[in-house]
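Chemist: Knowing the structure of chain P, use the given hints to seat chain S on it.
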Amino acid sequence: MHTAPTDTEIISRVLKGEQQMYAHIVERYQTYVFTLVLRMVESREDAEEVAQDIFVKAYRSLADFRGESKFSTWLYTIVRTSCITFLRKKKLQTTSIDNEKISFQIKNHESSFRANLVEQKSKQAMVNEAIKMLSNDDAEIITLFYKAEQSLDEMGKILGLEPNNVKVKLHRARQRLKEKMEKYFSHEVRELQND
Amino acid sequence: MKYVNYKTINKLKDGINNSPELYINKIQTEGVYMNEQLNEERLWNFIDGTIDASEKSAIEQLIATNLEWKNKYHELLEVNQLMSSSELESPSMRFTKNVMEDIAKYHVAPATRSYINKNIVGGIGGFFIVMILGFLIYGFSQITWTNISSESILPALNISKKFDFSKFYNPTYVSIFIMINVVLGLMLLDMVLEKKKEKFKQKEF
Numbered sequence: 001m002h003t004a005p006t007d008t009e010i011i012s013r014v015l016k017g018e019q020q021m022y023a024h025i026v027e028r029y030q031t032y033v034f035t036l037v038l039r040m041v042e043s044r045e046d047a048e049e050v051a052q053d054i055f056v057k058a059y060r061s062l063a064d065f066r067g068e069s070k071f072s073t074w075l076y077t078i079v080r081t082s083c084i085t086f087l088r089k090k091k092l093q094t095t096s097i098d099n100e101k102i103s104f105q106i107k108n109h110e111s112s113f114r115a116n117l118v119e120q121k122s123k124q125a126m127v128n129e130a131i132k133m134l135s136n137d138d139a140e141i142i143t144l145f146y147k148a149e150q151s152l153d154e155m156g157k158i159l160g161l162e163p164n165n166v167k168v169k170l171h172r173a174r175q176r177l178k179e180k181m182e183k184y185f186s187h188e189v190r191e192l193q194n195d
Numbered sequence: 001m002k003y004v005n006y007k008t009i010n011k012l013k014d015g016i017n018n019s020p021e022l023y024i025n026k027i028q029t030e031g032v033y034m035n036e037q038l039n040e041e042r043l044w045n046f047i048d049g050t051i052d053a054s055e056k057s058a059i060e061q062l063i064a065t066n067l068e069w070k071n072k073y074h075e076l077l078e079v080n081q082l083m084s085s086s087e088l089e090s091p092s093m094r095f096t097k098n099v100m101e102d103i104a105k106y107h108v109a110p111a112t113r114s115y116i117n118k119n120i121v122g123g124i125g126g127f128f129i130v131m132i133l134g135f136l137i138y139g140f141s142q143i144t145w146t147n148i149s150s151e152s153i154l155p156a157l158n159i160s161k162k163f164d165f166s167k168f169y170n171p172t173y174v175s176i177f178i179m180i181n182v183v184l185g186l187m188l189l190d191m192v193l194e195k196k197k198e199k200f201k202q203k204e205f
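The listed protein sequences derive, respectively, from chains P and S.
According to the numbering used here, the residues represented by the first sequence are 1 to 195, in order.
According to the numbering used here, the residues represented by the second sequence are 1 to 205, in order.
Just so you know, these hints were derived from the structure itself, not from any lab.
Careful, some of the hints might be misleading.
To be verified - In silico lysine to any residue, SDA-like type, Cα no more than 20 Å apart, as pairs:
no., chain 1, residue 1, chain 2, residue 2
1, P, Lys-16, S, Ala-109
2, P, Lys-167, P, Lys-183
3, S, Lys-72, S, Trp-44
4, P, Lys-178, S, Glu-87
5, P, Lys-183, S, Lys-97
6, P, Lys-167, S, Asn-80
7, P, Lys-183, S, Val-79
8, P, Lys-16, S, Lys-105
9, S, Lys-72, S, Ile-51
10, P, Lys-123, S, Glu-75
11, S, Lys-97, P, Asp-46
12, S, Lys-97, P, Glu-18
13, P, Lys-89, P, Ala-125
14, P, Lys-169, S, Lys-97
15, P, Lys-147, P, Lys-183
Keep in mind it's a predicted model, so treat the numbers as computed, not measured.
Bound conformation, chain P alone:
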């Protein structure tokens, strides 16, 4: 039976000169990386450019990965720093955890969501739209926990925080997401519950 090579196996082969093996890493993590980037960067074009840059940076610094943490944890630290650098360059608001995006953006999200929902009628579309309404920090922490399969300890390493602080921030982010869903999508939530 053929099993897929582990991250460590791929990395050691890439370091030995088998550059093509890196495609396995890209295939494996592209959706995670792209989702995380898209939570922080507004446009898909920018997100794709940043994600591509992240994989190139990761490749160039691959020798620095010591295997002390999961490869994904190491990769997400690059995602975070790259997104922050990109946002700084674009002079977008990135730091405040409590600052939510301005109201017209919410309205735009809401209207685009409603159009989207008519077509898709999916829970996923609703959650994704609600996450987009959160601040970058909240969206990042929720995505890392639910989508990137990172533990509180690993998230602490990525975000440079103590696991207890991560726990508090995650709780607050979930609280805010719940509020957003109740405020903007209560009708849809009820509809989905009845389906």
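Modeler: What follows is chain S alone, placed relative to chain P:
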């Protein structure tokens, strides 16, 4: 904490004086809200499985016996399931190909630890520590400790005029200092350019 209590007491006093019934009602509502927040946090920890066994059994019992807890638990569980079900976004179909084309231009950089020599870093640190200590020792050796009066507990500081700074602040010394810095700067620039040239040559081959 003391400040919060003091503030709360003052607010309570004002509130009671103005409108006692309304104020008591407000305090009760805020109290219930805070309690709800705390319970919600406990429930989230229960859902995430980040609590110890005793807390877990206590919450299980509360969910089983208390309708309010049961409803809240199911509500949060639903939110949790919704969040877990959110989809991952996919980049364009050409994404992997683009990355592979991009990295074909580069080589994996050597590990940082291989070119940062700890001995050199330690040596630079040691040099500065020795310099600082040397200056301190020299400075203290130039101080003469004398008592101004018999009543004074602390000795007065008299820095002798043995160390004459004006000797070093003349145009000749300043020019020599600038010249040394310029030479060092040019040497550094030469080293950087040499390294860049080598890297460029490596890429070409």
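Chemist: Indicate, hint by hint, whether the structure satisfies it.
Modeler: Do the hints match the structure? See the list:
1. Simply put, Lys-16/P and Ala-109/S have alpha-carbon atoms about 13 Å apart, close enough for the 20 Å limit, and the pair holds.
2. As the CA atoms of Lys-167/P and Lys-183/P are separated by approximately 24 Å, the hinted pair breaks the 20 Å bound.
3. Annotation: proposed proximity of Lys-72/S to Trp-44/S holds, straight-line Cα distance about 10 Å (limit 20 Å).
4. The suggested pairing of Lys-178/P with Glu-87/S holds, with an alpha-carbon distance near 17 Å, which does not exceed 20 Å.
5. For the suggested pair Lys-183/P and Lys-97/S, the alpha carbons sit about 42 Å apart, so the restraint of at most 20 Å is broken.
6. The hinted pair formed by Lys-167/P and Asn-80/S meets the criterion: a straight-line CA distance of about 15 Å does not exceed 20 Å.
7. At most 20 Å may separate the alpha-carbon atoms for a hinted pair to count; Lys-183/P and Val-79/S meet this at roughly 14 Å.
8. About 17 Å separates the Cα atoms of Lys-16/P and Lys-105/S, which keeps this hinted pair within 20 Å; it holds.
9. A C-alpha spacing of about 18 Å is found between Lys-72/S and Ile-51/S, which places the hinted pair at or below 20 Å, so the restraint holds.
10. For the proposed pair Lys-123/P and Glu-75/S, the alpha carbon gap of about 15 Å is at most 20 Å, so the pair holds.
11. Distance hint between Lys-97/S and Asp-46/P is fulfilled; the C-alpha atoms sit about 18 Å from each other, no more than 20 Å.
12. Straight-line distance between C-alpha atoms of Lys-97/S and Glu-18/P comes to about 16 Å, which keeps the hinted pair within the 20 Å bound.
13. With a C-alpha separation of about 30 Å, the suggested pairing of Lys-89/P with Ala-125/P is violated against the 20 Å cut-off.
14. Between the alpha carbons of Lys-169/P and Lys-97/S the distance comes to roughly 37 Å, so the proposed pair goes past 20 Å and is violated.
15. With a C-alpha separation of about 24 Å, the suggested pairing of Lys-147/P with Lys-183/P is violated against the 20 Å cut-off.
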